[in-house]
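Chemist: Below are the chains, spelled out letter by letter.
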Amino acid sequence: MATNGMHGYRPGLVDLATGLISREIFVNDDIYVQEQERVFARSWLFVGHESQIPNPGDFFVSRMGEESVILCRDRAGLIHVFLNSCRHRGMKVCRYDDGNTAVFTCPYHGWSYGTDGALVGVPYFREAYRSELDKAKWGLVEVAQLCNYKGTIWANWDPDAPPFLEYLGEFRRFLDLILDGWDGREGQAELLGGVQKWLIPCNWKFPAENFSGDSYHNISHRSVDLVGVGPSGKSRRDYSELNVARKLHVAIPERGHQTITYVLPKDFEPQPVYQNSPEVAEYFRHCEEERRKRPGPNARLIGAPGEIFPNVALLPRQPRTLAVWHPKNAHQTEVWRFFFVDRDAPPAVKNFLRDYYIRYSGPAGMTEQDDMENWNYAHAASRGVIARRYPYTYEMGMGHAVEDYAFEGLRMPGRVIDITTAQASEEPMRNLYGRWAQFMEADSWDELMTWRRNSSRELAAAK
Amino acid sequence: MSGPINVRELPVGARVVLVNGAEAEVVSNPNDGVWLFARYVSAPAEPALVGQEEMIFAQDVAEVRA
Chain A
1 MATNGMHGYR PGLVDLATGL ISREIFVNDD IYVQEQERVF ARSWLFVGHE SQIPNPGDFF
61 VSRMGEESVI LCRDRAGLIH VFLNSCRHRG MKVCRYDDGN TAVFTCPYHG WSYGTDGALV
121 GVPYFREAYR SELDKAKWGL VEVAQLCNYK GTIWANWDPD APPFLEYLGE FRRFLDLILD
181 GWDGREGQAE LLGGVQKWLI PCNWKFPAEN FSGDSYHNIS HRSVDLVGVG PSGKSRRDYS
241 ELNVARKLHV AIPERGHQTI TYVLPKDFEP QPVYQNSPEV AEYFRHCEEE RRKRPGPNAR
301 LIGAPGEIFP NVALLPRQPR TLAVWHPKNA HQTEVWRFFF VDRDAPPAVK NFLRDYYIRY
361 SGPAGMTEQD DMENWNYAHA ASRGVIARRY PYTYEMGMGH AVEDYAFEGL RMPGRVIDIT
421 TAQASEEPMR NLYGRWAQFM EADSWDELMT WRRNSSRELA AAK
Chain B
1 MSGPINVREL PVGARVVLVN GAEAEVVSNP NDGVWLFARY VSAPAEPALV GQEEMIFAQD
61 VAEVRA
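Protein chains in written order, with my numbering: chain A, 1 to 463; chain B, 1 to 66.
Bound-form chain B, shown alone (with noise of 0.2 Å):
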């Protein structure tokens, strides 16, 4: 498993996976080291949330994409 991922560094269009493996891209960043707005690429659990806005709260997010 990969260290903690400082969400600070991540810009508009990164993509994140979730702890929960869905997927998002970034749409802004507050810059607070705890919040993104992202919006659902995929959502195997929920997949109605798929294109959808979200703050995503640091500590779900798993992996960023290459």
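Isolated chain A, as found in the complex (with noise of 0.2 Å):
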């Protein structure tokens, strides 16, 4: 089995012509390593949230990949993402979760970098040094693309990647739908208390997998139906609007990102939601009435859980929220869970969903906690050398997906499945597989970027 080599990993390891999949993609500590820069050096990552760091000089320390990065914004204003190292002998400059600061000072030889990332202090500069250190080239190392996506924070090392909508293509409507105020305005959300973060004993692409779209596994949360967290005391979330809904695996094939999403009839008028609470359910009765009246592709959409490749998660519809599944080792994760909640809303709202988000999410979130049992399990259960000779199968919904799907008139990028009545398919997991299988085989982002080659081909055609 090809687990060293540059190629093969289509063919030995994802197999997408079949729907077989290898249990060493998950537990093969080779592969693990491969992917740290393959993937994680070469994809857009989720580093924090412009409302994180309001004020010069304050700075959220955060990861990408396995590396610390400091999410600061200087004196001037400007946002900058940094590896979190000093580049005199490597030590973390800052060891602090948030803050404010007017430098960063590395506490082993006391080199000090200004929060724009300038060496602006060497301990005996002119005595040990002489004055002859050019210091201008010792700055904090920079990534080399950041994207200020309405508030949300996106970071690239690799200068030859895409920009970032680029990258996110047509699936930036379904992250829309988080960070969009609920009734349609643009940007309206801020994040609601603090990151959550946690470490789970399995490889970040379970959880990946999981929130690319797994409809499959409900029966695992059936005790949090039953007992009732949901909101409006019933189930887990709001139904009511999602059974006359069509239920949609939406992925997008060049670029690895795959949703569940609901697409609402025309005219379909909001349903009473949060009973529980007069204010807030008249806060949401508000919103979605807003939300019908603009105009566009998303007043219709209902948000589901989602994946953008390769380790964000996104669940729109309650608890709003994005996690990011930080890979530490092959066999552990650091799960970083962020909540947002409408900038606008009352006090009594933000109160109200905060209470629900803790019940519903996070390693105290009884949903969240089914989820964390059935991914550390299957990971310990295929690190043996007997497991790890019997692939998963991804084969459910093969060959059934679409493309130019459109319920009422409403259009869905990508490759669709219905899954309305058939409930689940696989193919949001053989797109999210088989975009990891092109960053482990690909030299570069130009073998990447297969959507400007394809509309090149279509340019020269139409000439």
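Everything labelled a hint here was simulated from the structure, so no lab data went into it.
C-beta: ideal position from N, C-alpha, C; glycine also.
Hints are not guaranteed to be accurate.
Here are the in silico distance ranges between beta carbons for each label pair [unchecked claim]: (1) B:R65 x A:P54: 37 to 43 Å; (2) A:P265 x B:N31: 40 to 46 Å; (3) B:N31 x A:Y124: 20 to 26 Å; (4) B:V19 x A:G193: 35 to 41 Å.
Put the two chains together into one complex, using the hints given.
Modeler: Structure representation (structure tokens):
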């Protein structure tokens, strides 16, 4: 089996023709090491939200793959993302989670950096270095590309990667379901509370796959449904609208992003939700009315679990949250969960949602606990030499995805499987691992930007 | 010789004597225990420094003026 070569991932480990995927991609340490270079050093990764660093000097220490990075706002108000490692001997220059500072000082030998990354302090610069060190060459390492999209900060180490919005492609509308206001106004989201962080003993791809759109595992959450942790005191979410919507798997093939989404019928009236709290119910009733008045494709969309390649999960429709699956090693993942709420929502709404979010998601969330049990035990049970011989099957719904899917005039991007009746498919997982295999095989972004080649060919053909 | 000086405790306006004999006034303190931002008040070995602001390394601080 090709585990060390640069080629052969698709036939050897990710076989989309048969729908078989080797357990090696989850448990093999060599593959994990290659992922750091080929996937995480080239992908756009979510770093944080601008509301975490509102003032000059504010910083938030985040991660990109295995590496610690500093998201900060410099004295001029510009946002930066730096590798959290001194250029002299590599010590972390910031060991706090967040705060405000004038400089990042390495505690090892004392090198000090401004919030713009410039090296500003070198002990014994005149005496020991004889003023000969070129400080301008030794600032903090900064990411090659950074994007502030509706307040969310994304970064990429690869200067040859496409811009973030091109990387997102038509998946952007699904991310907008989190970042826009519930009433449809652009970019109204803010972070609610801090970031929940915890470790789970499984490979990062287990949760990434789950959030890509695994609607097959709902039986795992049966107990939560029965208890009724949902905001209306029933089930685990508000389901009344979903009962009349088309339930879809949407996969963007050349990007590796995928999601579940629900499309409401035209002229469908908002249904009562959050009935246990009149103020919250009224807030969302008003927002739903406003949302339907706004033009655009999202007025009839209800967001559901999805995944932005490689390791960012979205859950737009309550809890409204982004999760990042930070790889620690092949067998451990550090989960960071960020919760969002409408900036202008009344305090009673924010408090109500905070309670619900915590009840649902995160290390203490009842639904997330169900998921973690599955991922953690599945990983452990796949590590043995016997277990590794047997691939997983991803055959569900193979050959049934369509392009140009539309429901009552609303067109969906990418490849779509209508799972309203079928309940589930594995098209999103095939899409995730297909893209993963492309990253593991490709030597450069030129090979990964297939859409640019296709559009060039289309342009040439049109001439 | 006095013991090590905790530069984190030095407020803006404090005057320090450096190991090379220069004297400087603290203009801001990043509170990292390693650096001070200070303006030279005197600098016998390098008079051109007087009036300039520089980052002062904690180990270069020999004494705090009373």
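Chemist: Against this structure, judge whether each hint is valid.
Modeler: Going down the list of hints, with the structure as the test:
Evaluation of the 37 to 43 Å hint for R65 of chain B and P54 of chain A yields a pass: the beta carbon distance comes to about 38 Å. At roughly 60 Å, the beta-carbon separation of P265 of chain A and N31 of chain B lies outside the given 40 to 46 Å, and the hint is violated. Restraint check, N31 of chain B to Y124 of chain A: a C-beta distance of roughly 22 Å satisfies the suggested window 20 to 26 Å. The supplied range of 35 to 41 Å is broken by V19 of chain B and G193 of chain A, whose beta-carbon atoms lie about 48 Å from each other.
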